[in-house]
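Engineer: Here are the chains, one letter per residue:
2 protein chains.
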Amino acid sequence: MLDRMSDAALPPDRPDDHRHRRRAILETAARLICEKGYEGTSIQDIAAACQLTKAGLYHHIRSKEHLLLEIMNYGMDLFEDQVVTPVLPILDPLERLYSCMERNLMLVTEERSKEITIILHEHATLTGEARAQINARKKRYVRFLEGSFAEAVRAGRLRPLHPKVAAFAFLGMVLWIYKWFKPDGAIKEDELVRVMQQLFFGGLERGDAAPAARRPRAKPPANSP
Amino acid sequence: MLDRMSDAALPPDRPDDHRHRRRAILETAARLICEKGYEGTSIQDIAAACQLTKAGLYHHIRSKEHLLLEIMNYGMDLFEDQVVTPVLPILDPLERLYSCMERNLMLVTEERSKEITIILHEHATLTGEARAQINARKKRYVRFLEGSFAEAVRAGRLRPLHPKVAAFAFLGMVLWIYKWFKPDGAIKEDELVRVMQQLFFGGLERGDAAPAARRPRAKPPANSP
Chain A
216 MLDRMSDAAL PPDRPDDHRH RRRAILETAA RLICEKGYEG TSIQDIAAAC
266 QLTKAGLYHH IRSKEHLLLE IMNYGMDLFE DQVVTPVLPI LDPLERLYSC
316 MERNLMLVTE ERSKEITIIL HEHATLTGEA RAQINARKKR YVRFLEGSFA
366 EAVRAGRLRP LHPKVAAFAF LGMVLWIYKW FKPDGAIKED ELVRVMQQLF
416 FGGLERGDAA PAARRPRAKP PANSP
Chain B
216 MLDRMSDAAL PPDRPDDHRH RRRAILETAA RLICEKGYEG TSIQDIAAAC
266 QLTKAGLYHH IRSKEHLLLE IMNYGMDLFE DQVVTPVLPI LDPLERLYSC
316 MERNLMLVTE ERSKEITIIL HEHATLTGEA RAQINARKKR YVRFLEGSFA
366 EAVRAGRLRP LHPKVAAFAF LGMVLWIYKW FKPDGAIKED ELVRVMQQLF
416 FGGLERGDAA PAARRPRAKP PANSP
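As you go down the protein sequences, you meet chains A and B in turn.
At the far end of the first sequence sits residue 440, using my numbering, and the numbering has no gaps.
At the far end of the second sequence sits residue 440, using my numbering, and the numbering has no gaps.
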């Protein structure tokens with residue numbers, strides 16, 4: 216579905232130029248859509264921001280909805296290339312999850328792909344087959360996380376847990392970062408990685424008290440301390 | 216800012232009717248904006264969905280942007296009334312955080328206010344003073360969480376942590392739920408509360424191994440197991 220651009224009547228660029236130009240268009244369009252909303256962004260706006268004529272832009276894209284699909288597929292490509300594929304060979308499931316968190320977090324804090332991440336996770340404007348395609352790619356990542364959590368429990372590396380809730384808790388913690396993290400703020404990326412890993416895997420409660428005594432239940436009784 | 220509707224030339228409803236009608240308009244508008252995007256939703260669409268004429272709707276709202284601000288303020292009202300205010304009197308900071316997580320989670324899983332939550336957290340279409348107003352209300356909640364985490368550490372109820380990262384990790388885990396939770400799915404709300412509380416506060420790693428030996432660092436050396 217994404218190879219459409221290679222069919223277009225492009226000048227005889229080198230493949231690297233072609234890839235570079237495609238990325239630039241997708242990143243520019245993503246920035247505009249984040250600023251002005253999908254409905255509020257016209258093809259004309261995107262062409263102007265890319266320093267192309269409208270006809271020139273249509274060499275590269277099929278339609279506005281297809282452009283949105285391409286942005287989301289590009290986001291999933293980045294994600295799979297930078298987060299999932301490199302951790303697949305890690306045999307120890309807990310070490311795999313630690314590495315996965317680090318890589319996912321680094322991708323989310325990266326300024327250049329920030330708008331791509333936002334569009335991937337916030338804009339439900341896709342419909343039909345395009346929507347199903349992106350949802351299937353997201354679901355594969357959730358399944359991978361669930362599988363790694365379950366494997367880590369079986370290997371005695373994590374305590375018994377609900378793999379699906381753990382996977383979504385992991386994702387929520389990590390992906391929410393694009394909403395608050397500022398690259399020039401007090402917390403740097405590498406500190407954030409370390410703190411988040413410890414927080415998520417190590418837990419917050421002090422290990423020196425008896426869990427039953429210090430952990431209130433979901434609904435503490437009225438006379439609880 | 217939200218008392219605008221009491222100035223309008225409304226029929227002499229009882230105050231409860233008025234509040235009920237206002238909520239219905241905000242919830243209906245939120246549902247449409249989630250479906251079609253803010254730019255893609257017209258005042259005419261909202262009026263029709265509310266079974267009002269356009270003029271009738273304008274008795275209740277000032278403008279489309281102001282309606283968006285009202286939706287977000289309504290979301291923050293719900294949030295403060297149902298999550299923050301009830302936990303403020305809880306003296307023990309850890310018990311306060313447990314209760315806060317439960318209440319926040321219940322609000323997020325509630326079907327009726329789901330679109331309100333989405334708009335509050337995903338749509339950055341507000342500008343200027345309106346945007347600053349909502350951001351200030353959100354920031355107060357983050358500060359409250361940060362303060363409770365810091366207090367729980369001082370009281371020896373939690374191990375030393377980074378209060379800001381802990382606050383946003385808490386928020387990310389809890390708010391991400393609206394993206395995946397289905398009320399008719401296998402996990403029920405009360406189980407979700409229990410699992411998330413244990414996961415976040417209790418941590419995942421087994422307590423019976425020596426942390427240094429089993430916990431890979433952010434960047435494991437090349438020869439790590």
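Please keep in mind that the hints were generated in silico from the structure rather than gathered at the bench.
Note that the structure is a prediction, hence the values are computed from the model and not measured.
For each residue, glycine too, the CB sits at the ideal point set by N, CA and C.
One or more of the hints may lead you astray.
As the list claims (entries may be wrong) - With beta-carbon atoms standing in for the labels, derived distance ranges:
1) Glu406/A - Glu254/B: 46 to 52 angstroms
2) Lys251/B - Asp292/A: 36 to 42 angstroms
3) Gly417/B - Lys397/A: 27 to 33 angstroms
4) Arg355/B - Arg236/A: 22 to 28 angstroms
5) Asp399/B - Lys354/A: 15 to 21 angstroms
6) Asp399/A - Ala347/B: 38 to 44 angstroms
7) Ala270/B - Lys354/A: 32 to 38 angstroms
8) Arg355/A - Lys397/B: 34 to 40 angstroms
9) Glu344/A - Gly417/B: 38 to 44 angstroms
What the hints assert, rightly or not - Straight-line distance between alpha carbons at most 35 angstroms, and here's what the computed DSBU-like set of lysine-lysine pairs gives:
10) Lys353/B - Lys269/A
11) Lys379/B - Lys269/B
12) Lys279/B - Lys379/A
13) Lys379/B - Lys354/A
14) Lys403/A - Lys269/B
15) Lys269/A - Lys379/B
16) Lys269/A - Lys397/B
17) Lys397/A - Lys269/B
18) Lys354/B - Lys403/B
19) Lys353/B - Lys353/A
20) Lys269/A - Lys379/A
21) Lys329/A - Lys269/B
22) Lys279/A - Lys379/B
23) Lys353/A - Lys269/B
24) Lys397/A - Lys394/B
25) Lys379/A - Lys251/B
26) Lys403/B - Lys379/A
27) Lys379/A - Lys394/A
28) Lys251/A - Lys354/A
29) Lys279/B - Lys403/A
30) Lys403/B - Lys269/B
31) Lys403/B - Lys269/A
32) Lys354/A - Lys394/A
33) Lys269/B - Lys379/A
34) Lys329/A - Lys329/B
As the list claims (entries may be wrong) - Take a look, some chain A residues computed to stay more than 12 angstroms from chain B by CB distance:
35) His336
36) Lys379
37) Trp395
38) Arg409
39) Gln413
Engineer: Which earlier hints can't be squared with this structure?
Structural biologist: Violated: hints 1, 2, 4, 6, 7, 8, 10, 11, 12, 14, 15, 16, 17, 20, 21, 22, 23, 29, 30, 31, 33, 35, 36, 37, 38, 39.
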